[in-house]
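Next come the chains, spelled out residue by residue.
Protein chains: 4
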Amino acid sequence: METLKMTVESKNGLAKTMKGLVYGGPGIIELKEIPKPGIQKPTDALVKILKTTICGTDLGILHGKTPTCKPGTTLGHEGVGIVEEVGTAVRNFKIGDHVIISCITSDGTCEYCKKQMYSHCENGGWILGHLINGTQAEYVRIPHADNSLHPIPAGADEEALVMLSDILPTGHEIGVLNGQVKPGDTIAIVGAGPVGMSALLTAQFYSPAKIYVIDLDDNRLALAKKFGATHTINSATTDVAKQILSETKDGVDVAIEAVGAPATFDICQHIIRPGGHIANIGVHGKSIDLQIQNLWIQNITITMGLVNTNTTPLLLKTVLSGKIDPNQLITHHFKLDEILKAYEVFGNPAKEKSMKVIIEP
Amino acid sequence: METLKMTVESKNGLAKTMKGLVYGGPGIIELKEIPKPGIQKPTDALVKILKTTICGTDLGILHGKTPTCKPGTTLGHEGVGIVEEVGTAVRNFKIGDHVIISCITSDGTCEYCKKQMYSHCENGGWILGHLINGTQAEYVRIPHADNSLHPIPAGADEEALVMLSDILPTGHEIGVLNGQVKPGDTIAIVGAGPVGMSALLTAQFYSPAKIYVIDLDDNRLALAKKFGATHTINSATTDVAKQILSETKDGVDVAIEAVGAPATFDICQHIIRPGGHIANIGVHGKSIDLQIQNLWIQNITITMGLVNTNTTPLLLKTVLSGKIDPNQLITHHFKLDEILKAYEVFGNPAKEKSMKVIIEP
Amino acid sequence: METLKMTVESKNGLAKTMKGLVYGGPGIIELKEIPKPGIQKPTDALVKILKTTICGTDLGILHGKTPTCKPGTTLGHEGVGIVEEVGTAVRNFKIGDHVIISCITSDGTCEYCKKQMYSHCENGGWILGHLINGTQAEYVRIPHADNSLHPIPAGADEEALVMLSDILPTGHEIGVLNGQVKPGDTIAIVGAGPVGMSALLTAQFYSPAKIYVIDLDDNRLALAKKFGATHTINSATTDVAKQILSETKDGVDVAIEAVGAPATFDICQHIIRPGGHIANIGVHGKSIDLQIQNLWIQNITITMGLVNTNTTPLLLKTVLSGKIDPNQLITHHFKLDEILKAYEVFGNPAKEKSMKVIIEP
Amino acid sequence: METLKMTVESKNGLAKTMKGLVYGGPGIIELKEIPKPGIQKPTDALVKILKTTICGTDLGILHGKTPTCKPGTTLGHEGVGIVEEVGTAVRNFKIGDHVIISCITSDGTCEYCKKQMYSHCENGGWILGHLINGTQAEYVRIPHADNSLHPIPAGADEEALVMLSDILPTGHEIGVLNGQVKPGDTIAIVGAGPVGMSALLTAQFYSPAKIYVIDLDDNRLALAKKFGATHTINSATTDVAKQILSETKDGVDVAIEAVGAPATFDICQHIIRPGGHIANIGVHGKSIDLQIQNLWIQNITITMGLVNTNTTPLLLKTVLSGKIDPNQLITHHFKLDEILKAYEVFGNPAKEKSMKVIIEP
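Residue numbers (the numbering used here), protein chains in the order written: chain A, 294 to 654; chain B, 294 to 654; chain C, 294 to 654; chain D, 294 to 654.
Since the hints were derived computationally from the structure, they do not count as laboratory data. Keep in mind that this is a model prediction, so the values were computed, not measured. It is possible that some hints are incorrect.
Any copy will do: because identical chains look the same in the list, a pair fits if it lies in one copy or spans two.
Unchecked claim - Dumping the calculated EDC-like pairs for lysine to aspartate or glutamate here, alpha-carbon to alpha-carbon at most 20 Å: (1) Lys358 x Glu323; (2) Lys610 x Asp543; (3) Lys334 x Asp618; (4) Lys387 x Glu404.
This is chain A alone, in the form it adopts within the complex (with noise of 0.2 Å):
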């Protein structure tokens, strides 16, 4: 009985509407009536937007840069929300519980999946607003519920949980985890944007003396201080590499790029010490010089990805019990309505000072 079911649902589903921010290609962007989802496969669960947000991603889109991203998709890949539906195989959550939806879809159950890197789950990863309708809408479908959404216990603050749906573990486990930060080190973070600042965040998690953060944003840079920085540089007035190869013994002992250009990468093989880390969270658009000539003799490492999500479980539990307050990131808020305002203030940053937006329905 359950098809049909599903067909009266997905009929009701079809003949309802909702807002959703819809790509229309380049430069495109449309706050428009869209079909409300419905559940499609029994593994699916239907959220009902509370808070959802704009990522750096999102504006690679918006420019064009990520061309399997089709003209029509919903945007968005973070948020929290209310189960509204779920798929008759899903066993973690049920209809009204709160959750927050991992920017990372996966199946839980493929090869990668089994080796914990979701980002390349063969029947997910990061499709949620990219290759499938995402979460800048009233409604999303979830695929693979059990697995890339998270529950919320009752009386958490769900604002700041929007922050685990992709900056949090990716600033953790691409940056923090993969450039292995551990108490003592000195570490430097290139790039003070929503990711870098996470990676500050979670960084000191593992207690090193020494923060630097790297910016061309005073203000970014003054926020840094704020959320535990020792050192701040803006690298548009200053050689970065000549001060802190000057301040430190060989160098950093973890470099993470937090923006993804060419400039910032080459700080980094510039600052590393032998034996350090160079753990690369930000997207590339165009191939770096790899100082290899220099760098083989250093026995560094080099890590790069999309994150995994893997360890949001571990994350809820540092925002739950105050370890962390990623409250910090959030400068701006908005109604859905407003969402075109919301991506102009949040792709105006040294002009807005803006970090995180939080946008509601």
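Start from chain A and add chains B, C and D according to the hints.
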């Protein structure tokens, strides 16, 4: 409509019967006609058994040592088979696929599964032939099929792969990996039964220099030599600790307990060198007297646990590429109708010179 | 000429005397005039003590529990001082350097040292104040000085650094690192003496969410709260296991034993969750009854060992950067002439509310 | 008296001469009579060379690629020999001991040595035959002898052990361990010279399922097959990336670069699968164009470095126990008087079918 279809099938299923070996309480097992299982949840698969085997744990149940196993349960948690039917949410398998059945059932999405501790899956773990009906039958229902079965490529030696259901991953994960066997190491395996032998075979993946195998049965020790042991000791006639300490520098790097008794654990704690690892595989029925007054200063590590089967895909690759031949472990073959005889042979290894037995429909 | 010079110096050395606390057999310690030590090997350094302290192990010797320590030995294995003289092969230190004395002496080149297991150095290990004369004196000879001393940067708080000789690395390495404390974890520390408190302070480098501290002394539990415990339990009046199991999911991720008694280890084995780590720091005088009949299936790891002090440089960085304040552990100060009084105060912590005591010349 | 004795010995040493191969500037090497070295520091040993060999790095110096090596330096950093004399602080070796000379000199006590990064020893590193006189001579002075020599047990095949000075630990540590080769893996080794072959031999310690070896020389590829490669590809005639991607799922788990050129690194970055490791061993003369615009999302790790030789003791055990036969790598033998001929043969591997050459006094 699915429910209806399932009901119909269930009805047919209930109508049909099959042969299965049913536990009847301490000391009692009986091969009898029982209902053929059907799909119960969308994540289930129904598997037709091609080959199964008997485990020491099955003997434990038979001898009344596992009160959690209730009379009426079909025994067995190992085997290979053909997928006969799948639930609507099963993605990774389809009708006709040849599969290895994992002794551990795991949903892939609970807190423990997300840490690859499938052994403690909140909706699974070791349930087959224990809490739900098992594989010593013509058919078996496998819950959470996507994560609890492994595909067999065409042309593989399926009989060898029965060893991948339980004993090879157990020896590998709980013995060899937990023990951290490294190239050049001196290791000792106490107990040359099927699991000890599995540890012996898989330890050689990591090229230890010296492998001691200890047992009371000279036949098994001779087999161990054939399987790669460099030294064997019959603990009935030799002071194992004295001999090993005289032949090594400070003792062994890794001691693997594959029996489950105070005396065999005791050998391990007397032969372990500073910095060494004791990896317990044995299923113990009573506590042990840990000589911590001597060991606290020796910087040793003791591990224990149920297999997770998360290295089964890795082991499958080593079998397919000829790195290991699990057929060596198989000593006898029986038809399902002869399974009581198979239990007798398996249960009297010294007399029957048995190791693993294969049972076919 | 070196030998001659050494002989002359030795003669002078023998001619000169100093004060030192000498073990005279069970129950007997005496502060008396003893020969001032001199350089014996080219790798030795002679250190003038600035500050030393007393360890639980010293009480153990006094109470006759360490028969390997012979009467006539000067006690003490902790302290900071000034290098007074160095052997011809010492590279890393020169006369006048301020240094932390490691409780572990290590040559840096034997099989164990090459694995960073300095605790088991074939030419060292725990020998200071045990097999050779120690630090509770005006001067101490340090063998293998290059690897057994740590330089103190100018301006550092030297009193705090006395805690780096033994208890902070012990708590950190044998408790926290062996226990693999992670962000978000729930951990329990059984025993709130100096080493348990060191585990408490250094555990916080890794941001656990919940820290239980268990002890019999309410004063120490109150201190533990000040030092960062989130929960404390007096095991004299509360069923610890019952309470922790009721307040956590399946028990704690990490249980650190910092007492060295069957009852305290027993708490650990009853509160550990599947997949958890029991890290034993305590010095045990008798065997323990390991409940392996329950634990074999729980996938737990038990570690134990003597400190290696290989994280002392890391800890030094955390102290210098203010990540941790070891001064919190110091409750009393004495002159060397008052050392017998210091032993009394240190030996009666419940009455004296003492934790670590500092002794100065 | 030591200083006097040393001076006398030094005088004798200066009086005596020996044969040594001296670098005379780009393109110039000369076998000539040079002063026999003597002990300079208490931690030195003087070793009489029994067997030495030539490394690709020696060719690099000869071709003027290593400006840090000054004319007048005796070349060579590999060999086995007999201890002829030891300084007063040497503990681990005595006159008459047979030893392996490590290509890396390390004091064992500096910050880097304490992390087992002997490659970056602050008082050593790669200095033999580079910054100080080396092993292509009748005698060599070894600084920090305790940590820079390895004892050869009686009866060992000393010629095979020459391969333990450099190439086997280099292939093992920088190729295989950095690449994290696991049982069942598919790996590729790009470059079938001595170091690539060492990676090939030592990779098999960890039982990969498939090993591709890529080179331009069919003779070397045929040897690689003999040494355990399962697949070989001549990159002169085949599109390596295309072939490997068509034969594997998503590429290889580990790609080991053992040449040191942009083209060979490029193969690695095109065949690596998501989650894979590129382990660079090659000595590079120019930068490479890292395709990070494609790789950032692939969760790969790139490592590079100079050998630490901290696995030499482990490798020695594997050789002594017959797990590996390094003699396979030796193709030619010469007397020291014929060393110029040896350079010619070693420098023309395609023509001479040479791999490693042994040079004896």
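Evaluated hints:
no.	hint	result
1	Lys358 x Glu323	within (18 Å within a copy, 60 Å between copies)
2	Lys610 x Asp543	between (36 Å within a copy, 16 Å between copies)
3	Lys334 x Asp618	neither (36 Å within a copy, 41 Å between copies)
4	Lys387 x Glu404	between (28 Å within a copy, 17 Å between copies)
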